[in-house]
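If you read the sequences in order, they're chains A and F.
37 is the number of the first residue of the first sequence in my numbering; add one for each residue after it.
31 is the number of the first residue of the second sequence in my numbering; add one for each residue after it.
None of these hints come from the bench; they were simulated from the model.
Among the hints, erroneous ones may be present.
[Said to hold, decoys possible] Interface residues of chain F toward chain A, partial, derived using beta-carbon atoms under 10 angstroms:
#, residue
1, R100
2, F128
3, K175
[As the list claims (entries may be wrong)] The following residues of chain A were derived to be distant from chain F, with all beta-carbon distances above 10 angstroms:
#, residue
4, P58
5, Y73
6, E88
7, Y99
8, F104
9, Q106
10, L110
11, A142
Beta carbons are placed, not taken as given, at the ideal position from N, Cα and C, and that holds for glycine.
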Amino acid sequence: MNPMIRKELRQRMRDRRAWLFPSLYLLVLGGAVALGYYWVAERPLSWFQAREPQGADIGVAVYYTVAFVQMALLLLLAPVFSAGALTIEKEQRTLPALLTSLLTPAQI
Amino acid sequence: MIEVDELRKSYDGVRALAGFNLHVEAGELFGLVGPNGAGKTTLIKILATLLRADSGRARIAGYDITQAPRAVRRVVGYLPDVPGLYQDMRVVEFLEFFADAFHLPAGQKRAAVAQALEQAGLVERRTAFVEQLSLGLKQRLVLAKTLLHQPKVLLLDEPATGLDPLARIELRDHLKQLNRNGVTILISSHILSDLEDICTRVALIDAGCNATDAEGRSVLTLRGPEVTFATCEIEVVGGVEEAARVAGTFAGARVVESQGMRLRVEVQGGVAEAAALLRHLVTNGVGVARFDPRGAALEDRYRKAFGGERP
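Please build the complete structure, drawing on both the sequences and the hints.
Listed below in structure tokens is the structure:
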């Protein structure tokens, strides 16, 4: 495992509010899945929808919702978190120690 | 071990290094002195592969710092002037993280961390959070972290900044011990007495260039057979004028300063001649309370080199 990831996880999970971010993330994801579910299962039939939705239709909808919402969240959050982490390393003056170690830029 | 040829570096047109040269032999404890803004930190950062030089060449243990930076990092330990610490990590976690960052295999990592804790005197505080340590202990921890991968060369930029006298003494002893174990050390510091105590040679730097003292030397030898005169600080009991007169009669001695109970005498030669001067004083009835043959006083030479106006 990348030592940076282990360190970040350890430091973040030690924070008193460590539960807050995963909970928020799951809440947003759960909300999106619920919306997707209701969109497919509960909306009234229209001219292009010839039949009542089946279990498989709901499964496909939930799968796509989870996949796309996760991708969107990761695309949004990954740069925010990595930029924040680098800023913190600079602020607490630990970046030189990382840059003079054998960690690669990609690992950092 | 460290070779620097015509190194140049500018920041947005401001010259930090303007063709600096340096040659440090393997096993030396080498000092770097100069006023603020002279280029010491830039030089050390370039050698630590943190900055890229505009031109010139530098090699450490045979590796070119531009062409083989990873090889350089393997053999170099770098300690910045204000070292960063992960305050919310435990001492042992901090050391383990850097052991991983230097890719130490599991067995070697355990041994290296245990040895680092032992050397830093932090065995009993291994589970304490870094933020709970005193400044002296933090400095010890950072130095222990720097030594985890057993570097052949240590680059230290003002390592004694902010330390109390006891911590400074401990740091000096630790550096001497490391040097005795074969580690080559390049240290920059404004605390000349510390450098005088531990260094074999000292290079003068000013405005990014090799500066020279009054005799035109850019590298001052503080120890070894090349030292041609010693400055002795003497505290006498009784009349200082009489002591100065007696000292003046010793062949090759010159009284540089006499104030209160103190005398400063320059004597041609090394420690043996200084010992002979002490004998000469005592046999001629001068009461000597303290006698300190420090070699050519670095402070004087620094003052002569940099004009005496700057610190």
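Status of each hint after checking the structure:
1. For R100 of chain F, the shortest C-beta to C-beta distance to chain A is roughly 7 angstroms, which falls under 10 angstroms, so the interface hint holds.
2. Here the hint on F128 of chain F is kept, as its CB sits about 7 angstroms from the closest CB of chain A, short of 10 angstroms.
3. With 10 angstroms as the threshold, the beta carbon of K175 of chain F comes within range of chain A, its nearest partner Cβ sitting at about 8 angstroms, so the hint holds.
4. The Cβ of P58 of chain A lies farther than 10 angstroms from every Cβ of chain F, with a closest approach of about 19 angstroms, so its non-interface assignment holds.
5. Listed as outside the interface, Y73 of chain A is consistent with that label: its C-beta sits roughly 40 angstroms from the nearest C-beta of chain F, beyond the 10 angstroms cut-off.
6. Consistency note on E88 of chain A: stated as away from chain F, and its beta-carbon is indeed over 10 angstroms from all of that chain's, at 55 angstroms minimum.
7. Distance to chain F confirms Y99 of chain A as a non-interface residue, since its nearest Cβ pair spans about 37 angstroms, more than 10 angstroms.
8. Even its closest Cβ contact with chain F, about 35 angstroms, leaves F104 of chain A beyond 10 angstroms, as expected for a residue assigned away from the interface.
9. Every CB of chain F lies more than 10 angstroms from the CB of Q106 of chain A, the least distance being 29 angstroms, so the non-interface label holds.
10. Remark: the non-interface label on L110 of chain A is consistent with the geometry, its nearest Cβ contact in chain F lying 25 angstroms away (cut-off 10 angstroms).
11. At roughly 14 angstroms from the closest C-beta of chain F, the C-beta of A142 of chain A stays outside 10 angstroms, upholding its exclusion from the interface.
Of the numbered hints listed earlier, not one is contradicted by the structure.
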